[in-house]
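2 protein chains.
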Amino acid sequence: MGEVKVIGSTRSLFCTRIEWALKLKGVEYEYIEEDIRNKSPTLLKHNPIHKKVPVLLHDGESIAESLVILEYIDEVWTQNPLLPQDPYQRTISRFWAKFSDEKVLLGSFDACKAQGEEKQKAIDTAQESLAFIEKEIEGKKYFGGESIGYLDLAIGWIPLWIAVMEEVGEMKLLEAEKFPFLHKWSQIFMDLPPVKECLPAREALLEYFHASINYLRSLEANKQ
Amino acid sequence: MGEVKVIGSTRSLFCTRIEWALKLKGVEYEYIEEDIRNKSPTLLKHNPIHKKVPVLLHDGESIAESLVILEYIDEVWTQNPLLPQDPYQRTISRFWAKFSDEKVLLGSFDACKAQGEEKQKAIDTAQESLAFIEKEIEGKKYFGGESIGYLDLAIGWIPLWIAVMEEVGEMKLLEAEKFPFLHKWSQIFMDLPPVKECLPAREALLEYFHASINYLRSLEANKQ
Chain A
96 MGEVKVIGST RSLFCTRIEW ALKLKGVEYE YIEEDIRNKS PTLLKHNPIH
146 KKVPVLLHDG ESIAESLVIL EYIDEVWTQN PLLPQDPYQR TISRFWAKFS
196 DEKVLLGSFD ACKAQGEEKQ KAIDTAQESL AFIEKEIEGK KYFGGESIGY
246 LDLAIGWIPL WIAVMEEVGE MKLLEAEKFP FLHKWSQIFM DLPPVKECLP
296 AREALLEYFH ASINYLRSLE ANKQ
Chain B
96 MGEVKVIGST RSLFCTRIEW ALKLKGVEYE YIEEDIRNKS PTLLKHNPIH
146 KKVPVLLHDG ESIAESLVIL EYIDEVWTQN PLLPQDPYQR TISRFWAKFS
196 DEKVLLGSFD ACKAQGEEKQ KAIDTAQESL AFIEKEIEGK KYFGGESIGY
246 LDLAIGWIPL WIAVMEEVGE MKLLEAEKFP FLHKWSQIFM DLPPVKECLP
296 AREALLEYFH ASINYLRSLE ANKQ
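Keeping their order, the protein sequence lines are chains A and B.
For the first sequence, the working numbering assigns the number 96 to the initial residue and increments by one for each residue that follows.
For the second sequence, the working numbering assigns the number 96 to the initial residue and increments by one for each residue that follows.
One should not assume that every hint holds.
If chains are identical, the list can't say which one is meant, so a pair holds when it fits in one copy or spans any two.
Said to hold, decoys possible - Here are the simulated DSBU-like pairs of lysine-lysine, each with C-alpha atoms no more than 35 Å apart in a straight line:
| no. | residue 1 | residue 2 |
| --- | --- | --- |
| 1 | Lys235 | Lys279 |
| 2 | Lys279 | Lys140 |
| 3 | Lys236 | Lys140 |
| 4 | Lys230 | Lys318 |
| 5 | Lys318 | Lys235 |
| 6 | Lys318 | Lys118 |
| 7 | Lys134 | Lys273 |
What the hints contain is simulated information worked out from the structure, not anything from laboratory work.
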């Protein structure tokens, strides 16, 4: 099926989902770590539009945008399907993946960054988005049912990255009593060998998030 | 195949692509016009998450997010396929559809809104994004080749809506000499019967964009 490479960064939650998908499919790949604070000519060559990770290289083609890459992987390597077969269920998966990237992720990051009187409001907004995800996983083992799929991979950043944001932002977002089903799913998901194998070190993420948040806060302070 | 309804607004460019797809597929549907400045209980019931149009109602299910709806339509009604069959070509279509919604649309809107010394910079940014789309259509009749497809529908807002933004924003974005292939495609696309049948009146759009831009400019002026 041709050579497969992933240009990624252990700091990016959009990259781990690609590696998880390839591992679940049993696809061998070469991983190329990119320094996202000092972008390489390789990255600029393969993703000249967005200049971002992840990029999947396959058979001489370059593919960007992590959710688009997941669909590609599922269509090229059809073993262990990631998306459900039913069109409506596929739609549900795509809808929540987009929602998670847009609302849950940005909301959590905003809550992490917020200070002072804005803090509680930002936490409430992030938790409102998380409540929709909680409702989706209620009573199920995985988002698609009994086996792991596309939406689990798309939402798979939540356990580790939210924990890091909680520590850096000195707050609690994913409270066990408010989100029992997400907690249960997180434990099952994080224990899966393909998931465990592709998780960045928590310490490195903490350092990265501390630096990013401090930088953004200083920009905002200078604006005022 | 069950009852099909579209909750839409003639003011929203995300809705026309859904109607175009259904018409190309030959699917009968009922269109429900939504007042997006005074949202109805029907909309809130069927899209409680985002409270936005378009929403596709099919067989008792509600589907939101226009690009997700396009994929659903293509999977349920398989005649006249919208996405290419080849996984890499499908990926290309999805990538540029997302790019068009995020970069081209927002960039054009920002250029429309911008004033003073910010104006030319915003126009340049929007034209940089449009240049990528120009490169994609160069030498082709439709984005996917010889027949109309998903990416044409996703990008189909460009001819009418950019013209409206140009008039409201007193600028030129889609200059014929800079974007000859996009111009040629626009003419072919806008002449197609299913496209022509589902275009809002230009006057109504002009009124709506004038009001929106004035409102946003006044908000920004009050902030300063």
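Tell me the hint numbers this structure goes against, listed in increasing order.
Hints 4, 5 and 6 not satisfied by this model.
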